[in-house]
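Asks: Sequence:
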Amino acid sequence: MVIKSAGGWGETENNLVLEGWLGDRIVCRKEVGESRYAAGITARADDTVLYADGDTYDATRITVKAVDNMGNLLPFTQECVEIRLDGPARLLGPARFPLTGGVSSFWIRTVGKTGTVRIGVLGVESKAECTVDVK
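Counting from 1, one number per residue, gives the positions in the sequence shown under the UniProt record's numbering.
Keep in mind the hints are simulated off the structure, nothing from the lab. Please note that the accuracy of each hint is not assured.
[Claimed, not checked] Label-pair ranges, simulated between beta-carbon atoms: (1) F97 <-> Y51: 21 to 31 angstroms; (2) L22 <-> R90: 35 to 45 angstroms; (3) N15 <-> G101: 18 to 28 angstroms; (4) A59 <-> L22: 18 to 28 angstroms; (5) L22 <-> P98: 31 to 41 angstroms; (6) V111 <-> V27: 20 to 30 angstroms.
All of these numbers come straight from a predicted model, not from anything done at the bench. We put the beta carbon where it would ideally sit given N, CA and C, even for glycine.
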């Protein structure tokens, strides 16, 4: 149900906020509009805990996105990023790659040791970080 719609010719900005309610609380929120600008990059691991078990290894995917100030994907960005790892993990694949369509992913794997892995993603003008615990 739309309570209030965006509009207004000549106004400084036209933004629309969509909220999903469950009972008396907001369970999701999405904002779209004209007052968008590139806000940076985000990095998110599929798994925040990996296990260093004997002769095998565990792995997870990290997704990097270029986003605007409203958290929306910037699909026309081709920014190149560089990955830096600090901790008991190894990068699977290249350390530098473009965010084709504004998003890309890479994988890391355990190396048989425990600790915290800090994953740094460096862009041209922004950076992001996430962590994964290895137990």
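Asks: Next, verify each hint and record whether it holds.
Replies: So, going through the hints one by one against the coordinates:
no., hint, verdict
1, F97 <-> Y51: 21 to 31 angstroms, "27 angstroms, holds"
2, L22 <-> R90: 35 to 45 angstroms, "42 angstroms, holds"
3, N15 <-> G101: 18 to 28 angstroms, "24 angstroms, holds"
4, A59 <-> L22: 18 to 28 angstroms, "35 angstroms, violated"
5, L22 <-> P98: 31 to 41 angstroms, "39 angstroms, holds"
6, V111 <-> V27: 20 to 30 angstroms, "39 angstroms, violated"
Violated hints, in rising order: 4 and 6; the structure is consistent with all others.
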